[in-house]
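Same order as they appear, the protein sequences are chains V and Z. Note that numbering that gives the first Met the number 0 gives residue 14 to position 15 of the first sequence, counting from 1, and the numbers run on in steps of one. Note that numbering that gives the first Met the number 0 gives residue 138 to position 139 of the second sequence, counting from 1, and the numbers run on in steps of one.
Hints may contain errors.
As the list claims (entries may be wrong) - Only some residues are given here: those of chain V computed to face chain Z with a beta carbon under 7 Å:
| # | residue |
| --- | --- |
| 1 | Ile92 |
| 2 | Ser106 |
| 3 | Leu108 |
| 4 | Leu120 |
Quick caveat, the hints were computed from the structure, so don't treat them as lab data. Note that the Cβ used here is the ideal one computed from N, Cα and C, for glycine as well.
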Amino acid sequence: MDPFLPIFGTAPSAQLGPLERQVLQAVWARGTATVREVREEGTIWQTYPTIMTTMDRLFKKGLLDRVPDGRAFRYSPRYTPEQLERTAAVNGIRQLLGSEYASLHLSYLVEAVSTQDGKLLDELQAMVESQRAALRKGSPE
Amino acid sequence: MMFVARGLLVSLAFFAAVYCPLSLLVLLAWRGVKHIGHATAGSNANLWFGLRILPFTVSAAITVFFTFPSFWLLERRALDEDTGTFALALCSLIILGAGLFRVFKLQARTTRTVRQWLLAPTIAEGADSVVLSASHGAPALIVVGVRRPRVMVSDRASNVLSEDELRVALRHELGHVRSRDNLKKVLISATPFPGMGDIERAWQEAGELAADEAAVGNRREALDLASALIKLSRYSKPWPEPLSAIGLVSASCSIDSRVRRLLQWRAPERRGEHARHWILLVLFIVILVVGSNYGATLMLTHRLTEVLVP
Chain V
0 MDPFLPIFGT APSAQLGPLE RQVLQAVWAR GTATVREVRE EGTIWQTYPT IMTTMDRLFK
60 KGLLDRVPDG RAFRYSPRYT PEQLERTAAV NGIRQLLGSE YASLHLSYLV EAVSTQDGKL
120 LDELQAMVES QRAALRKGSP E
Chain Z
0 MMFVARGLLV SLAFFAAVYC PLSLLVLLAW RGVKHIGHAT AGSNANLWFG LRILPFTVSA
60 AITVFFTFPS FWLLERRALD EDTGTFALAL CSLIILGAGL FRVFKLQART TRTVRQWLLA
120 PTIAEGADSV VLSASHGAPA LIVVGVRRPR VMVSDRASNV LSEDELRVAL RHELGHVRSR
180 DNLKKVLISA TPFPGMGDIE RAWQEAGELA ADEAAVGNRR EALDLASALI KLSRYSKPWP
240 EPLSAIGLVS ASCSIDSRVR RLLQWRAPER RGEHARHWIL LVLFIVILVV GSNYGATLML
300 THRLTEVLVP
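Chain Z with its partners taken away, still in its complex shape:
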């Protein structure tokens, strides 16, 4: 039992010892890559999100799959941990605790706010669409929910927009649903690190542009979406952010730049799909190589743990 507790302690310390320097490296890398242009807003959004959660994903994966097993198999059964290990483990607990607290706060705030926006007091179970009340401060269109995200439309959106504009606006929101942006928002909240705000803002901005791109298939639809954005931003009121929800008219991206981008709409090249296939292939090869040399990797991780954790 004590050995398991010691293993957890060392694993937590290792997590902090990897997570913090890796986050700093990401912040340095961000300075270098933030001005690099990409084929589509979607690939930008994926890149910024990947960069943002990379430190947590890598640290957590190494800790769970290598650090704890290597400790379990290779560490001698003694109780001789340094105070530095306790300090690092405490640091990890603070990071993880802060992440959990942020997520719970975000969810509670979202639930409270959406409840205020509803025309009816509760959401009917199994209902596909929910009508929000603009007079209660609801945004025109919004995607709410993490596990089962759903698009909510306010009475104002259906009154102000034409049928074509509403259709393309809904497709914009469905773009957020498909790319699981609310889940990504929650994951970002769960992995705090100071100084990451710029990457988060860049991801949110690219996410809005990506949803615009996904909604539009021709020039007519681009103009319909531009018109919808203009009409709705005339009536939009600022709504409390950050919520685990994403609205059509969002503070994360300027309406002016979005409309001008839509006015210059051109059929996109499909280069992002190739990039995704390459990333998956590299990931598969890495997993295959590491998996076939798991014993050696554990030895290496164990040595690394002894270096990083005092």
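So here's chain V without its partners, still in its complex pose:
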């Protein structure tokens, strides 16, 4: 099963807690890290057991790998931030379009895209202008 699906079913920010995201960022920044190293980095103001529990949870969610390192574990990210974002976005869109409100979601997507892409608006404007011209020529209202 796709490991992202249960985690990023809707949106990453909605499914990962703030501390989980912070820890994941710290591991991405270092490449590999132990709990002690994440804590000593100074960006996360949490106790050792809290960080350990969070890293264990990320491992169980399939987002971190780990190997024994002395009496502790050394964690490494299983996916790059880009891979994670891409899969989350693809899964999110797939889920939206697979729901019973697919047409509604699709229209929202079209609207979101149309703000970026003026082509659709140009097309609509041309249709309006053509009907206006027809109206000016005396077509019935």
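Given chain V, put chain Z in place with the hints provided.
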């Protein structure tokens, strides 16, 4: 005093015992009726809004007009409430508290955002129109306010739109004012229940289409509104929702579908008015029947309370 407190407790418990199952029933009913077509977008908007607030309206009306009076008149003066009653009452308080919190948050956010949009630092008292600054992120046209909703126009709207387009765009916003959509938005926020998002979105979409319908009286105006929508959506920036405000270019309804609908504009049939008269007539008859049998209704409510509230 204790008896009054007990009456309030039982009434709150009764409210939760009716509100939650009724909301679930509405969600079930919504699955059945959401694909039913109606004569106008306005009647759709009214139906979805009515469905959305039905559980709260019915529960609150029964609680205020029947449950508390029936408890007051028919309950024996003793102090023997179950823990289940306390749990249900707590549930009611959470629902009502969450509703109030959402409303205050919504209002505070609206006030803060609109203040950012203003060209001048404050709204002049008694001013009929207010100019917003597009460079401050303001939407082109927007209706703000609940008790005294007012239409606000940005400098961009007046620069980009022709006189006819601006007139019909303003009529669209006045359509929202007439149907009191901001008040409806606040009422929806005040009556939370999980899973109601789909009905709320359907209401917002139908509300936009209804305002389009209300603004347009002939084909020329339909084209003017379509053109205004296209012009403004080229410049529109996403603005923080949900606010107790409704803009012309809204995320709740696709511009594409609105423009295509306007391009196919036909003079509407006035069937919605008849439906409204029928609803008012039925409501009047129900009130008349219940009012003339108030004593029996109180007895019935009292028995129902004893069944629903442990």
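Structure-based check of each hint:
1. Ile92: violated (16 Å)
2. Ser106: Nearest chain Z Cβ about 4 Å off; hint holds.
3. Leu108: violated (9 Å)
4. Leu120: holds (5 Å)
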